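Visitor: Residue numbers (this note's numbering), protein chains in the order written: chain A, 1 to 251; chain B, 1001 to 1443.
You may find that some hints are simply not true.
Below, a sample of chain B positions facing chain A; criterion: calculated Cβ distance under 8 angstroms [as the list claims (entries may be wrong)]: (1) 1399; (2) 1406; (3) 1407; (4) 1408; (5) 1410; (6) 1411; (7) 1413; (8) 1417; (9) 1421; (10) 1422; (11) 1425.
Mimicking BS3-like on lysine-lysine, the simulated pairs with C-alpha atoms at most 30 angstroms apart in a straight line are [stated by the list, open to error]: (12) 1179/B with 1035/B; (13) 1375/B with 1386/B; (14) 72/A with 1206/B; (15) 166/A with 209/A; (16) 6/A with 17/A; (17) 53/A with 1386/B; (18) 1415/B with 166/A; (19) 1206/B with 103/A; (20) 142/A with 1271/B; (21) 1415/B with 142/A; (22) 215/A with 166/A; (23) 21/A with 6/A; (24) 209/A with 133/A; (25) 103/A with 185/A; (26) 185/A with 209/A; (27) 53/A with 142/A; (28) 1415/B with 125/A; (29) 1223/B with 1115/B; (30) 1415/B with 68/A; (31) 1040/B with 1350/B; (32) 1386/B with 1206/B.
Simulated from the structure, these hints should not be mistaken for laboratory data. Just so it is clear, the structure is predicted and the values come from calculations on it, not from any experiment. Think of the CB as a built atom: it goes at the ideal place given N, C-alpha and C, for glycine as much as any other residue.
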Amino acid sequence: MNTLLKIEDLCAQVAGKEIIKNFNLTINEGEVHAIMGPNGAGKSTLSYVLTGKPGYEVTSGHIWFKGKDLLKMSVEERSREGLFLIMQYPVEIPGVPVTSFLKHAVNAQRQYNGEPELDTMEFIKYLREEAKKLGIDNEMLKRPVNVGFSGGEKKRLEALQMTILKPSLAILDEADSGLDIDAIKVVSNGVNALRNEHRSLLIITHYQKLLTYIKPDFVHVFADGHIVKSGDQSLSEEIEQNGYAAYTREQ
Amino acid sequence: MSELLSDIALFGENIPWLEGIRSRGRNAFVMPTAKTEAWKYTKLHVLQRDDFVYAPSKFLEELEGCAEEECDCGCEHHHENEECTCGTHCHCAHRPKLYIDLPFDAYQIHFYNGKFMPLYPALPVGVEVMTLMQAVVEGEVQNYLGKYIDLQSYPFAALNTAMLEEGLFVKIDAGISLKKPLMFIYHTQTEQHLLSNIRNIFVAGKGANISVIEYYYHIGDDKDCYFNNIVNEFYLSPQANITHYKFQNEAFKAIHIALNYARVRENAFYKSFCLQKGADLGRNETKIDLLQEQAKSQVDAAYIMNGWATIDTTTDVAHLSPQTISDQLVKGVVGGQAKGVFQGKISIVKDAQATEGHQLHRALLLSDTAEIDVKPELEIYADDVKCSHGAACGEIDQDQLFYMRSRGIPEEEAKQMLIDAYLLEVINRIDNEQIREWILSNV
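Extracted from the complex, chain A is given alone in its bound form (with noise of 0.2 angstroms):
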């Protein structure tokens, strides 16, 4: 089994605090991760350290992500490396509509791996047959992106991306936050629908309730900047009985 994400003794800091403290993880290809930990931990932190959001400051450590150095790759290298980062809260962009938007994105992951562009009519005529699994209808892909959108459909949108930018490493940052069961449903089944043994996902979450329709083969508990605990799914079944307690400093 190939190695797709190593993390090494990585230290981080936003704003001058560290956030990240000699974190390891290691993810092999087709492996679901979860990590679980809570609020305010640097969940958050530790997913815009790997896609590379400016002010996220890496201090020491080391990412591989299929063998190269990813603290070296620009964020948008890094999307067309193939990890993609569904957001917790994805942004609103007044004036771009979600087909521009989306064609964008394709065309330049097209033209990083040598690929010819896709032409309007041929992406469209795709977009809408993926969009359709989703529940996405056209009238939603004319509209500017996330603007106005409700937070299933904001989701949704994500889940969209993400199918069609075909990403070796998912990371789901808090995906069902403000959803209702019925968004968590299909926004779970769009991404067990990408699910192969090359593809990875890593899942942070606060609660349980996302691991019961994306079943993670690892589970991780993250506190104080680092996993303090590893295990299988029923890790995250005791959490969900006994809480955080456990694993904070204030035990």
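Add chain B to chain A, keeping to what the hints say.
Guide: Okay, now just chain B, sitting in the frame of chain A:
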């Protein structure tokens, strides 16, 4: 500039009425200084050179004497603007083809280096186009030309008046609706510091309806330093509609100063959109008099520039009657060391009750060295009015940029998409879809 005024020989110096107007222009013209309120943000140092030329260049003389026309297919008998069987348009051998391919149908009217090219498109009955000097001789413009523009307030209109010669008189009869826009294309191709002075007058009869497009661009070296000084006058009879689009894309060392003056009567609507993108100094100024009830105006603009350019959008909307309506949206994107200027004035006289005036200016700054100067002015003497004005300045949203990049879109491409999206709000106010697309493709 003043020396130039005394040197030039103009058409019709023996027509006392015309000379009278010109001399009023000459007397009123004073170059604005840093102390001139209306010009305090827009510095005119680029005009402090004395080598501007007005007289037709040798090139133009050649042009005037040239009867040769040629076509890419080598055929013989043909006229400019008429499509040849080979599918191209014929042109004189001394200058490039004037007819330009556009994504929409229009009656194309051409100015080359500030001179009207006497190639009239076949216009429908009820629409008349003639040169300004012909209109002077025939006594058509005496009720309009120079009658209403306050030359003390508009120094470059004074200069324009002092040099009255070039330009067109356009008259649309009552009830006539022109399906295709009338498109004025200003081609500039010069190595000299050419001063072009153009005055156009548009008179729309009762219920008439036309669209006018002005397109300014240059051919050749981008560093050509020329000066286009434009004045357009629009006269709207009751129920008339004039939609005025403008795309200013002059050479980046050029100077472009324009005044658009509209007089709007009962139930008439003057609607304009201007995209300014070129010139070292570009000023598009609009003065509107809403004269009678339900007179309406909408003055929208977008500007986008880099380098060291100054682009100025100045408006003055006067509500001179009750129940008049005006609206304005201006959006700009400024990068490099460029400077955007917006001066917007709404005035409402004492008796102009039940009037509405709205104005909004927003700008996006792309660099720390870019500058925006904004001066909104409301002068309201009536008490039953709805008025609003707003101005805001911002930068590219970093979260939006990150979101786009995290989907693989390169940073520069993402920025351009955000800039387009920013300007889209105002460009979307263009009703005509084809013209809107044309403007969008030029942002």
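Visitor: So, for every hint listed, does it hold in this structure?
Guide: Going down the list of hints, with the structure as the test:
1. 1399: Where the cut-off is 8 angstroms and the nearest Cβ of chain A is about 5 angstroms from residue 1399/B, the hint holds.
2. 1406: This hint holds: residue 1406/B lies near chain A, its Cβ roughly 5 angstroms from the closest one there, short of 8 angstroms.
3. 1407: Holds, because the Cβ-Cβ distance from residue 1407/B to chain A comes to roughly 4 angstroms (cut-off 8 angstroms).
4. 1408: This hint holds: residue 1408/B lies near chain A, its Cβ roughly 4 angstroms from the closest one there, short of 8 angstroms.
5. 1410: 5 angstroms, holds
6. 1411: 7 angstroms, holds
7. 1413: 6 angstroms, holds
8. 1417: 6 angstroms, holds
9. 1421: 3 angstroms, holds
10. 1422: 7 angstroms, holds
11. 1425: Holds, about 7 angstroms.
12. 1179/B with 1035/B: 46 angstroms, violated
13. 1375/B with 1386/B: 20 angstroms, holds
14. 72/A with 1206/B: With a Cα-Cα distance of about 68 angstroms, the restraint between residue 72/A and residue 1206/B is violated, given a limit of 30 angstroms.
15. 166/A with 209/A: 25 angstroms, holds
16. 6/A with 17/A: Holds - the C-alpha atoms of residue 17/A and residue 6/A are around 24 angstroms apart, at most 30 angstroms.
17. 53/A with 1386/B: 45 angstroms, violated
18. 1415/B with 166/A: The given pair, whose Cα atoms are some 24 angstroms apart, holds under the 30 angstroms limit.
19. 1206/B with 103/A: The hint is violated at about 48 angstroms.
20. 142/A with 1271/B: 28 angstroms, holds
21. 1415/B with 142/A: The given pair, whose Cα atoms are some 20 angstroms apart, holds under the 30 angstroms limit.
22. 215/A with 166/A: This hinted pair holds, its Cα atoms lying about 19 angstroms apart.
23. 21/A with 6/A: OK: residue 21/A and residue 6/A at ~15 angstroms, within 30 angstroms.
24. 209/A with 133/A: The hint holds at about 23 angstroms.
25. 103/A with 185/A: 27 angstroms, holds
26. 185/A with 209/A: Status holds; Cα separation ~11 angstroms.
27. 53/A with 142/A: 28 angstroms, holds
28. 1415/B with 125/A: Holds, at about 27 angstroms.
29. 1223/B with 1115/B: 21 angstroms, holds
30. 1415/B with 68/A: Distance ~27 angstroms between residue 1415/B and residue 68/A Cα, so the pair holds.
31. 1040/B with 1350/B: 29 angstroms, holds
32. 1386/B with 1206/B: 28 angstroms, holds
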